[in-house]
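K.L.:
Residues -20 to -1, 1 to 463 (mature numbering (1 follows the signal peptide of the UniProt record, and there is no 0)) are what the sequence shown spells out, left to right.
Hints listed in this document are in silico derivations from the structure and should not be mistaken for laboratory results. Model, not experiment: these values are computed from the prediction. It cannot be assumed that every hint is accurate.
Each computed DSSO-like pair below joins lysine-lysine, with the alpha-carbon atoms no more than 30 Å apart [what the hints assert, rightly or not]:
1) Lys429 / Lys234
2) Lys257 / Lys429
3) Lys70 / Lys15
4) Lys392 / Lys379
5) Lys429 / Lys153
6) Lys139 / Lys114
7) Lys57 / Lys70
8) Lys70 / Lys153
9) Lys392 / Lys429
10) Lys366 / Lys234
11) Lys390 / Lys379
12) Lys57 / Lys114
13) Lys429 / Lys260
14) Lys379 / Lys309
15) Lys57 / Lys234
16) Lys114 / Lys70
17) Lys52 / Lys70
18) Lys153 / Lys139
19) Lys257 / Lys309
20) Lys153 / Lys234
21) Lys139 / Lys234
22) Lys153 / Lys57
23) Lys15 / Lys57
24) Lys257 / Lys234
25) Lys234 / Lys390
26) Lys429 / Lys57
27) Lys379 / Lys366
28) Lys234 / Lys52
29) Lys429 / Lys390
Beta-carbon label-pair distances, calculated as ranges [unchecked claim]:
30) Gly237 / Leu305: 30 to 36 Å
31) Lys15 / Gly372: 39 to 45 Å
32) Glu166 / Lys52: 38 to 44 Å
33) Lys52 / Arg99: 24 to 30 Å
34) Lys139 / Ala451: 55 to 61 Å
35) Pro122 / Gln383: 43 to 49 Å
36) Ala108 / Asn405: 24 to 30 Å
37) Pro122 / Gly296: 18 to 24 Å
38) Asn101 / Arg290: 40 to 46 Å
39) Glu146 / Glu229: 39 to 45 Å
40) Asn144 / Pro294: 53 to 59 Å
All C-beta atoms in this analysis are idealised placements derived from N, C-alpha and C, irrespective of residue type, glycine included.
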Amino acid sequence: MKRFTATLTLIILLAGCRQAVVDEAQVTPAVNEAKELRVGTLYGPQIYVSSTQGSAGFDYEMAARFADFLGKPLEMKPYGNINELYQALKQNEIDLIAAGLSDTRSRRQQFRLGPPLYRVNQVMVYRAGTPVPKDLNALDAPVTVIADSSFVETLNRLKADNPNLEWQQVADKDNEELLSMIASGELSYTISDSTSININRRFMPELRSGQVLEQQQAVVWLLPPRGSDQLMSQLLRFWHQEQRDGTLEHLVEKYFGHVKRFDYVDTRAFIRAVDSKLPKYRHLFETYAGELDWRKLAATSYQESHWNPRARSPTGVRGMMMLTLATAKQLGVENRLDPEQSIRGGARYLSDILVRLPESIPEEERMWFALASYNIGYGHVEDARKLAQARGLNPSAWKDLKQVLPLLQKRKYYQHTRYGYARGNEAVHYVDSIRRYYDTLVWIDNQAKLEALAREQAQEEAAQREAESQAGEETELSGAQPN
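Input sequences plus hints: build the corresponding full structure.
P.N.:
Now the structure itself:
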């Protein structure tokens, strides 16, 4: 029966990913003979980012897994805009497009669309403090959207019922830039997908979501319209495997699961604290982080104490890392109110938990399990893992543990556990908050590096212009000398 269901699913997906009807003269057949998997993409926090610490992004990780499935090395090829991606695919420069693009009528007419990876809503975006844009016919400024995006198709559809609706397309900016311009007040309105808004409002808390214009659009990969039968078949088999193994759901949770909850006041307070408080303690986080990412350690400390070295809770935990008296003694911390001792002790405590965790927990999720243990205790997390296993869930997957941790607050469940009652729901919120703070720190850190690089380049260019100017003056003076 399972084999029949899987076969039926594959047939339905093949029908849904049917051959697009296009002008054959405009498309070069994709032969898929390259030794590597060539993936066209766009830069974006949920799509593809590359830094000295490695590459990341939902589409990148899925593409890397697909390349492994095919037994080929992966070549990620970022392009400047959507139209460049389209042309690259049509001219066989790439094998597929993985760039967070949604399923639209226009794309179905031009390309073959892969199976759904996740779903998003299209939402009108505006700045906090401005009137909510309820009537599309009465907007006081045009809507600015990315050229060739699905948002253009949506606006064209809405134009029939909203004749006064106006918009402008830009090809030289990406989604994050437009959202930044909304947050700064440079633009009045744009359209974005719900995941992008959730991600970016952690750095730009002024963003506001307005009217939902399209609901539950599937985000898909794009393949060439001709000559891609084999690649499509392989993609569908890969997709079915990722669905069955829970890997696809895991990646969706990894990149989008912790960003749905948003608190404007908390986000603004955190960004202010990064400017006003973090510089005083950053060197301590960097010094004592060891193999941990110092930004995760700093994010944990903010969640614990808001970087207040004299913080104290009613339960008696104190300091930057809110250590109990017993834990502090165990870690050799003599003064919990001393920032250096507290950070050193908290870093060691987290590292010790990470070492204790079962090897079955994947590397990229171990920190979330460790943080939950830091919050409610290692024993309670082990109880939750046993509950997950008893319910047919994966005890080594954070997405599954998030489901069962709140059960530790219910007598029906905790009375059968070894360590009893625990505020599991708080542990989930605790970890999600730290993940959001961490993402914000990474973004701010990267922005600072980009600004420093821009200043350095500007100084080099100014020095070069000065040198050329002096050389020109010397040449003129030399030419003016008598023979």
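K.L.:
Just pull the numbers of the violated hints for me, sorted ascending.
P.N.:
9, 12, 14, 16, 21, 29 and 37
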